[in-house]
Each structure stands twice: as C-alpha cells, then as structure tokens.
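*Asks:* Sequence:
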Amino acid sequence: MRLDDAPESENVDDRRGMGGKLAVGGGLGGLVIVVLGLLFGVDLRGKLPAPANDGGENRAAAPKDGYKQFAGKILGLTEEVWAEQFKANGYKSYKKPHMVLFSQGVRTGCGDAPSSVGPFYCPADDTVYLDPTFFDELEQKLGGSKAEFSQAYVVGHEVGHHVQNLLGYSRRTDEMRKTKRENEYSIRLELQADYLAGVWAHHADKKYHILERGDVEAALKTARSIGDNRIQEKMGRRSHPESFNHGTDRQRYAAFSDGLKTGDASKKKLDLYFDDEQTPFDARAGELRNPTLFGR
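Residues in the sequence shown are numbered from 1 upward in steps of one, following the working numbering.
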C-alpha cells in the first residue's frame with residue numbers, strides 16, 4: 001500500500017503491553033473464537049468467552065513498531081471517505097469511531113475480550129478493537145493474507161459495521177435475534193460490511209492512489225478464506241449452510257469486489273442487502289440471491 005499522503009487519525013489508542021492476561025481455550029473451539037470478531041463484528045455482549053484473569057498485569061510500554069501510525073492512517077482514510085460519502089448521499093453527519101490496539105486482552109463496552117477473539121467492533125462505545133497479532137493467525141490457520149491491504153480490508157470491514165450502526169442496518173439485524181431469521185440477517189449484515197469495505201477502498205484509492213500491485217489480490221484472498229464454508233472445512237467438518245451466519249467465500253469475495261468496483265454508498269444500493277424481494281435468501285445454499293450484487 002502507498003500511504004505517504006494518507007491522513008492519520010487521532011482516534012487510535014495503543015494499549016498493547018498494558019492488558020491483563022486473559023486466557024481462552026484452544027483447539028477447534030479456539031479457531032472459531034479467533035474469527036468470531038472478524039466475522040460477526042456487531043454487538044458481542046453475550047457472545048464473548050468469559051476470560052480468565054491470572055491476577056497479573058503486563059504494564060510494558062506499547063511496541064515502537066510503527067503499527068499505530070499504520071492503523072492511524074487506515075482509520076484516517078475511513079474517516080475522510082465516510083464523512084464525504086455521508087454528505088454526498090444525504091445521510092446525517094458521520095460520527096468518527098475510535099480504535100484500540102491491544103494485546104492479550106481488553107475491557108470494552110461490550111465486555112472483556114481476549115486477543116483470540118480477533119478484530120471486532122463494539123457499538124456500545126463506537127470502537128474498533130484490534131490485536132495486530134491476529135493477522136498471523138489469519139494467514140497461518142485460515143489461509144488468508146497479512147499483507148497491508150488485507151489488514152486494511154479487515155479494518156474497513158469493522159468500520160463498515162460502525163457505518164451500519166449509524167445508518168440503522170445493525171438495528172434491523174438485532175431485531176431478528178432469537179428468531180428463525182437470525183442467521184439470515186447476520187449474513188445480510190456481514191456481506192454488506194464487506195461491500196462497505198470495498199466502497200471505502202474505492203474512494204480512498206481514487207483520492208490518494210493507495211493501491212499497488214498485488215494489494216487487491218491479497219485482500220480478496222482473505223475475503224475468500226473467511227467464508228463460513230471455508231471455516232467449517234478448516235475445522236474438519238462438512239459444510240452446513242443452515243449454520244452459516246457470515247456468508248460463503250464466494251459471496252464475501254463478490255461483495256467486497258462489487259464495493260471496490262462501484263464505490264456506490266447510496267441508500268438504494270445498501271438497501272438491496274436487506275430487500276427480501278430483490279435479494280431473497282436461499283437457505284439451502286446459505287446465500288443471498290441477487291445478480292446485481294453477486295452475479296449468477
């Protein structure tokens with residue numbers, strides 16, 4: 001990525017080295033937890049594993065590895081793009097989210113979280129939480145990429161959940177919790193967040209020329225690696241569409257690609273993800289059906 005001219009956000013808090021030692025189980029269950037935040041990205045209250053605190057705290061200073069600056073530039077680009085897109089599309093003023101970098105574990109408005117939960121957005125405090133070591137797990141265990149634009153796609157996805165929270169799409173999904181359509185609406189929300197990540201990247205590149213050779217391929221590799229079907233295969237299971245709640249690899253790839261290509265943040269386009277008639281849900285495949293969004 002080319003970030004020399006990108007604006008840097010002042011809303012990044014680097015707490016790495018300051019967290020309590022929160023533990024969580026490993027194995028196949030741990031693999032699910034690793035990707036929970038990235039895939040779900042909404043209010044995690046009641047979904048986070050109960051952390052075990054060993055009574056000690058690590059008070060070491062945050063590492064001087066330049067990651068705060070990198071994260072700040074990605075967040076700064078999202079701030080600029082979404083402020084402009086909210087104005088251009090007649091939405092209310094954009095409220096900037098915060099970002100917290102952490103290690104081991106962190107206390108949030110949505111509960112305590114160990115680092116293995118992966119990146120996630122907490123609507124209770126309008127904050128994206130990220131332990132950068134997650135990207136090693138993403139590459140080694142899930143077959144994704146830890147290249148810079150792949151990481152930017154993940155941040156863009158989580159900020160996409162913030163955008164959804166501001167525009168009311170998260171509330172529509174919350175209303176379906178504990179109903180027969182809960183998984184379906186979770187898929188709609190997640191695929192829309194992938195699309196929003198693409199929309200952000202489209203406008204960031206148009207203004208600052210951030211993309212270099214291989215960047216898009218790296219992000220698309222990650223999008224494919226975190227499809228529900230791929231995750232279940234990594235766990236050694238057969239694919240069970242009735243249990244999907246994040247989107248298949250094909251549809252996550254397609255949603256991000258469409259946003260990156262069109263840059264269309266209009267209400268008309270975003271509403272398609274929640275339109276029962278134009279975008280029906282195929283329960284047998286665990287996919288949404290709309291050729292405009294996903295092809296045939």
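The set of hints was computed from the structure by calculation and includes no laboratory data.
Honestly, I wouldn't trust all of these hints.
[Claimed, not checked] Subject to a maximum C-alpha distance of 30 Å in a straight line, what follows is the list of computed DSSO-like cross-link-like pairs (lysine-lysine):
hint : residue 1 : residue 2
1    : K221      : K146
2    : K269      : K178
3    : K96       : K234
4    : K221      : K268
5    : K178      : K64
6    : K64       : K96
7    : K87       : K64
8    : K207      : K268
9    : K221      : K207
10   : K68       : K178
11   : K146      : K261
12   : K87       : K178
13   : K267      : K206
14   : K64       : K221
15   : K146      : K180
16   : K207      : K96
17   : K95       : K267
18   : K146      : K96
19   : K141      : K206
20   : K95       : K68
*Asks:* For every hint, state whether the structure bears it out.
*Replies:* Evaluated hints:
1. K221 x K146: 10 Å, holds
2. K269 x K178: 27 Å, holds
3. K96 x K234: Measuring from Cα to Cα gives roughly 36 Å; hence the hint is violated.
4. K221 x K268: 28 Å, holds
5. K178 x K64: 44 Å, violated
6. K64 x K96: 25 Å, holds
7. K87 x K64: Distance ~36 Å between K87 and K64 Cα, so the pair is violated.
8. K207 x K268: 24 Å, holds
9. K221 x K207: 24 Å, holds
10. K68 x K178: 38 Å, violated
11. K146 x K261: 22 Å, holds
12. K87 x K178: Violated - the C-alpha atoms of K178 and K87 are around 35 Å apart, more than 30 Å.
13. K267 x K206: 21 Å, holds
14. K64 x K221: Holds. K64 to K221 sits at ~29 Å (cutoff 30 Å).
15. K146 x K180: 36 Å, violated
16. K207 x K96: 19 Å, holds
17. K95 x K267: At roughly 18 Å apart (the allowed maximum being 30 Å), K267 and K95 satisfy the hint.
18. K146 x K96: Holds. K146 to K96 sits at ~25 Å (cutoff 30 Å).
19. K141 x K206: 33 Å, violated
20. K95 x K68: 21 Å, holds
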